Amino acid sequence: MVARVTSTAALLAMLLLPRPAQAQESTVQWWLFEGRSYHDPLIAGVREPHIGALGLAWADRMDFQVSDDDPRRVWDIDLGYEIPILGRESASSTDGSRVDDGEWAVGLWIPIDFHMIEDFADASNPIVNTDYRFGAMLKVQFGVSGSSWVSGRVSAGHESTHLGDEFSLAGQDAFTDTFERVNVSWEFLDVALLYERVIEASFVSGRLGLTTTVPFGDSYYSVDSMSATQSAVGPVILSHNSVDPYAGFQVEWEEVLGDSPGWGIYASTEFRYRSVYDYHRASEDVAEDRQLSVNLIAGLKKPTGGGPIATASPYLRFYHGVNPHGQFRNQRGFTLVGLGLRLTL
Amino acid sequence: MYKYDRNLALASYRAKHPNQLDPKEATLVDFDNDLFDLYEAEMQKQASDWGIKLDLFNRSMLAFFANASPSKTPKTRVRHACDYFDSVRPQRQPSTLGVASDDNEEL
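Protein chains in written order, with this note's numbering: chain P, 1 to 345; chain B, 1 to 107.
Worth double-checking, as some hints may not be accurate.
Partner residues aside, some chain B positions facing chain P, computed with beta carbon under 7 Å [stated by the list, open to error]: (1) Arg14; (2) Glu25; (3) Thr27; (4) Asn33; (5) Leu35; (6) Ser71; (7) Asp86; (8) Ser87; (9) Pro90.
Since the hints were derived computationally from the structure, they do not count as laboratory data.
Values in this document were obtained by computation on a predicted structure and should not be read as measured data.
The beta carbon of each residue, even a glycine, is placed where N, CA and C say it ideally should be.
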């Protein structure tokens, strides 16, 4: 383990530290706190950093919601960003965001994101749940040609999930025999590979990745006396599964509607083979079921080219699979559909 | 060796890398050559449709305009560049934007 860490540190040092013999002649350069598009978040990435509001939406009823409305009006708000820290690239890129043909780059980001769902069926329109994520992210990119790129991303961080207070109080009153609060809170490691390509006037990409708990094999939630996990049903059993694989595909067609520069259309989808949390299994050795969960987003946008100025984009979203919100990840077959606005970068 | 007008390559570099105030000559030449690799073929395809004469100055202007486009694809960027070029050129000089300069004099 120590040898592996040492060799990884040596590789990072080789990429990041200047080599005096070449520094005078090469075009290699550093950047600090500047945006780059080495491995942008998947638009349909359910827990990737985005800024968007699914303002007019309907979702299936979740446990402990008081009224029986099903489906019911909700808001699903994302607020997140990948903050660029520093990086090193083999040459100045022509568009200032992706590397050119045959060039490479590496950089460090700090991703921070919040995801909140609010219910409009119960009294006081309670916030049902909020998920928080933050960590550190290393990205590398290589220009396969002037119009195609491969990149990798390693991200490590912490996710914390919280039920809303009004939701919890009402749920405890209404479901005294079954209400439970499970502290879904875990450290994660996410590894992904991305291929991007320009085809005529469209920009397509595909990615594969997996997310695992850290330490490997750890539980997604904690049950010790300090964890605030409480259940009226019975003992909460630690999770067994610890790895979720995923894939993402995305295409952006530029200038499809209107006069030049016209509106583009994009479609993005995430497939994630999610674990269905099961808090009351016979034992920790029993693996949870899984369900393929699909998130599809399609929208309109003006071109922004990966630059620092964002534009607003109306979009449609369809999600079906394991409920992605905090402790409600024990609900399979959850559906969410809606219309919203998001910022595009 | 520059493939576009050096002054316009400098302007384009300045626009995309505003925090690089002391670029090496090798960096600028590399940047200029990458502009050429990215836009020249598409420029050759599209410019004639807009009646744009492809001398060094006009090609350099088109590369500069294309690189200023917020689009992600060279095809759309060059189309934006040609559209803009076509809109702002003087009516009586249909193939150029102004005084052409075919040399690459140093600043």
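Cut-off 7 Å, beta-carbon criterion: hint that arginine 14 of chain B touches chain P: violated (11 Å)
Restraint satisfaction for threonine 27 of chain B [CB to CB of chain P, less than 7 Å]: The hint holds - threonine 27 of chain B has a Cβ within 7 Å of chain P, the shortest such distance being about 5 Å.
Hinted contact asparagine 33 of chain B with chain P - closest CB pair below 7 Å: Hint on asparagine 33 of chain B: violated, closest Cβ of chain P at ~9 Å, above 7 Å.
Proposed interface contact between glutamate 25 of chain B and chain P, which counts if any beta carbon pair is under 7 Å: violated (10 Å)
Interface hint compliance - serine 87 of chain B to chain P, C-beta minimum distance less than 7 Å: At about 10 Å, which exceeds the 7 Å cut-off, the nearest Cβ of chain P leaves the hint on serine 87 of chain B violated.
Restraint satisfaction for serine 71 of chain B [CB to CB of chain P, less than 7 Å]: Interface hint status for serine 71 of chain B: holds (4 Å vs cutoff 7 Å).
Interface restraint verdict for proline 90 of chain B against chain P (beta-carbon cut-off 7 Å): violated (21 Å)
Closest C-beta approach of aspartate 86 of chain B to chain P relative to 7 Å, hint status: violated (11 Å)
Hint status (Cβ of leucine 35 of chain B to nearest Cβ of chain P, threshold 7 Å): Since the shortest Cβ distance to chain P is 5 Å, the answer is holds.
Checked against the numbered hints given earlier, this structure breaks hints 1, 2, 4, 7, 8, 9; the rest are met.
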